[in-house]
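Peer 1: Now for the letters of each chain:
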Amino acid sequence: MASHNAENSEQKFLSQPHLLGIKYLTAADIRLILHSAAQFKEVLQRPIKKVPSLRDLTIVNLFFENSTRTRISFELAEKRLSADIINFSASASSVNKGETLLDTINNILAMKVDMVVMRHPQAGAAMFLSQHISASIVNAGDGTHEHPTQALLDAFSLQEILGNLSGKKIAIIGDIAHSRVALSNIFCLQKLGVKVRICGPATLIPRYLEDLGVEISHNIDDTLQWCDAANVLRIQLERQHIRYFPSSREYTQYFGVNKARLDRLEKKIVIMHPGPINRGVEIDSDVADSQQSIILQQVENGVAVRMAVLYLLAERLRKH
Amino acid sequence: MPVVEFSKVIYDAPKIAICIDRLCKQLIEVHGDFSTSVLIGLQPRGIALTQRIFSRLSSMLQKEINWSALDVSMYRDDFRHNQKYIEMYPTSISVNLDNKKVILIDDVLFTGRTIRSGLDALLDFGRPASVELLVLIQRNLSLHFPIAPTYIGKRVDTLSSQSIRVQWQEKDGIDQVILIDKKW
Numbered sequence: 001m002a003s004h005n006a007e008n009s010e011q012k013f014l015s016q017p018h019l020l021g022i023k024y025l026t027a028a029d030i031r032l033i034l035h036s037a038a039q040f041k042e043v044l045q046r047p048i049k050k051v052p053s054l055r056d057l058t059i060v061n062l063f064f065e066n067s068t069r070t071r072i073s074f075e076l077a078e079k080r081l082s083a084d085i086i087n088f089s090a091s092a093s094s095v096n097k098g099e100t101l102l103d104t105i106n107n108i109l110a111m112k113v114d115m116v117v118m119r120h121p122q123a124g125a126a127m128f129l130s131q132h133i134s135a136s137i138v139n140a141g142d143g144t145h146e147h148p149t150q151a152l153l154d155a156f157s158l159q160e161i162l163g164n165l166s167g168k169k170i171a172i173i174g175d176i177a178h179s180r181v182a183l184s185n186i187f188c189l190q191k192l193g194v195k196v197r198i199c200g201p202a203t204l205i206p207r208y209l210e211d212l213g214v215e216i217s218h219n220i221d222d223t224l225q226w227c228d229a230a231n232v233l234r235i236q237l238e239r240q241h242i243r244y245f246p247s248s249r250e251y252t253q254y255f256g257v258n259k260a261r262l263d264r265l266e267k268k269i270v271i272m273h274p275g276p277i278n279r280g281v282e283i284d285s286d287v288a289d290s291q292q293s294i295i296l297q298q299v300e301n302g303v304a305v306r307m308a309v310l311y312l313l314a315e316r317l318r319k320h
Numbered sequence: 321m322p323v324v325e326f327s328k329v330i331y332d333a334p335k336i337a338i339c340i341d342r343l344c345k346q347l348i349e350v351h352g353d354f355s356t357s358v359l360i361g362l363q364p365r366g367i368a369l370t371q372r373i374f375s376r377l378s379s380m381l382q383k384e385i386n387w388s389a390l391d392v393s394m395y396r397d398d399f400r401h402n403q404k405y406i407e408m409y410p411t412s413i414s415v416n417l418d419n420k421k422v423i424l425i426d427d428v429l430f431t432g433r434t435i436r437s438g439l440d441a442l443l444d445f446g447r448p449a450s451v452e453l454l455v456l457i458q459r460n461l462s463l464h465f466p467i468a469p470t471y472i473g474k475r476v477d478t479l480s481s482q483s484i485r486v487q488w489q490e491k492d493g494i495d496q497v498i499l500i501d502k503k504w
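So the protein lines, in turn, are chains A and B.
When the letters of the first sequence are read in order and numbered with our numbering, they come out as residues 1 to 320.
When the letters of the second sequence are read in order and numbered with our numbering, they come out as residues 321 to 504.
No lab work stands behind these hints, which were simulated from the structure alone.
Be aware that one or more of the hints could be misleading.
Here are a few chain A residues that sit away from chain B, every Cβ distance over 12 Å (derived from the structure) [to be verified]: (1) Thr26; (2) Glu42; (3) Gln45; (4) Phe63; (5) Asn87; (6) Ala123; (7) Val214; (8) Trp226; (9) Leu262; (10) Glu266; (11) Gly275; (12) Val281; (13) Gln291; (14) Gln297; (15) Met307.
To be clear about the criterion: a stretch of chain A counts as covered by chain B if any three or more of its residues have a C-beta under 8 Å from a C-beta of chain B, and this derived list gives those stretches [as the list claims (entries may be wrong)]: (16) 48-62; (17) 215-225; (18) 308-317.
C-beta atoms are modelled at their ideal positions from N, C-alpha and C, and glycine is treated no differently.
Construct the complete structure from the given sequences, taking the supplied hints into account.
Peer 2: See the structure below:
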């Protein structure tokens, strides 16, 4: 028989009205989101995978940048919570006619929208919006800055495998300079007491990153041996306007995670990737599809974590 | 003026034990060997009572019966309505409830709003053959919904300003039901 008496979270509500980045959350906020996500994950196993909590709320998904996973995951999370949703793509909107971000959003909010989920190519777009509108904002990725729900679902997935994350060692490997996932993951993992090491070519690791309290390494084999789990990031060629390394082949040779490298380790480590994967570049197919990889669990957990975020932010929108 | 709380024990440990014994016998009279029946405790305060009933029934019937926990927080009608934040607890219903006889269990029936939420939540796990309600304490004349328990431990007359607290040995160090009155 399953356990019915799991420990409850010590905090009952989020300290923030928006989710702009992990930087602005407290450790207790993160633990509350992860605790709530576990309850929502249970909802997703039920015969009827839907609860009525947000049935009186309208959420707009504003995507100014391409997305598959995050967009579908948010949309599913909103539908599972019974919210009304509007989907907006910049490519099919008046943004192409020269409308500003604020005008676009104020027009949408005039139609009585309660929450905004936004992905935008500019860092700080969600923060800018939060200073000008009253709706609750969820940052679904702003440029190379933050992707908070990805970091939360990564932490949730890791916690499922490794238990309490405090004191664990997690490596983030690859294109750190262009990754919003990296920064959110660093903030999130550190707030949960994790030791974080960054590994990649010197050209793809921003200067002063060690000021965040992370270890920096350029040796993939040493890093894989050190860590309990490795989060392998995509080489973001679309954001690279100069050449940061001579060739993809050379990158794969020095920093690619492959079976031979993992077989040389004395222990089995957990392999993560936020997707989309460049198979054969930062990670080989036989690793991505192996038992050690939790890539698809990350995607599955994404819905539960986003349900938790939306539910907890909605709870702050009082009726009276 | 500060609020002064007065409390009075209205049900002590021996009476609670006798009451649980009686409720179990009533359940066996209706549900027999529990082959198609499921006990479902409402989180958080119905769980301790459900565990007591589960262990008493198991020893009376000489077999383990099914029990589960149900959290109704996502179905509550006061979400975002007042300053009180709703806490979430685990739900663990591992059996399909299609054609099962469900006994919903909570410690106190007051307004009936939690039970209303519980009925909504329950139907997301299947279509039970029947749903009954068991409560340790029913507060008289306090219902906001037309909900009637099937099995009742004790009925008590209370004012809306008063509250009832059920305490359990495992959690509070003592089995007792207390009536709390606030006076200014």
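Peer 1: Each hint should be assessed against the structure and marked as holding or not.
Peer 2: Now for the hints, and whether the structure bears them out:
1. Taking the minimum C-beta to C-beta distance to chain B, about 16 Å, the non-interface status of threonine 26(A) holds against the 12 Å cut.
2. With a least beta-carbon separation of about 5 Å from chain B, glutamate 42(A) fails to lie farther than 12 Å from that chain, contradicting its non-interface assignment.
3. A beta-carbon of chain B is positioned within 12 Å of the beta-carbon of glutamine 45(A); the least distance is around 10 Å.
4. With 12 Å as the threshold on Cβ separation, the claim that phenylalanine 63(A) sits away from chain B holds: the shortest Cβ distance comes to roughly 27 Å.
5. Against the 12 Å criterion, asparagine 87(A) stays outside the reach of chain B, whose nearest CB is about 24 Å from its own CB.
6. Even its closest Cβ contact with chain B, about 32 Å, leaves alanine 123(A) beyond 12 Å, as expected for a residue assigned away from the interface.
7. No beta-carbon of chain B comes within 12 Å of the beta-carbon of valine 214(A); the shortest separation is about 32 Å.
8. Look at tryptophan 226(A): its CB is around 35 Å from the nearest CB on chain B, clear of 12 Å, so calling it non-interface holds up.
9. The claim that leucine 262(A) is not at the interface with chain B holds, since no C-beta of that chain comes within 12 Å of its own (minimum 35 Å).
10. Listed as outside the interface, glutamate 266(A) is consistent with that label: its C-beta sits roughly 36 Å from the nearest C-beta of chain B, beyond the 12 Å cut-off.
11. With a minimum CB-CB distance of about 28 Å to chain B, glycine 275(A) clears the 12 Å threshold, and the non-interface call stands.
12. Here valine 281(A) stays apart from chain B, with its beta-carbon at least about 41 Å from theirs, past the 12 Å limit.
13. Distance to chain B confirms glutamine 291(A) as a non-interface residue, since its nearest Cβ pair spans about 26 Å, more than 12 Å.
14. Annotated as non-interface, glutamine 297(A) keeps its C-beta farther than 12 Å from every C-beta of chain B; the closest such distance is 19 Å.
15. A beta-carbon of chain B comes within 12 Å of the beta-carbon of methionine 307(A); the shortest separation is about 9 Å.
16. Given as covered by chain B, the region 48-62 of chain A passes the check, having 5 residues with a CB less than 8 Å from a CB of that chain where 3 are the minimum.
17. Coverage of a stretch by a chain is defined here by at least three residues with a beta carbon nearer than 8 Å to that chain's beta carbons; for the region 215-225 of chain A and chain B the count is 0, and the condition is violated.
18. Counting residues of the region 308-317 of chain A whose CB lies closer than 8 Å to any CB of chain B gives 4, which reaches the minimum of 3, so the coverage claim holds.
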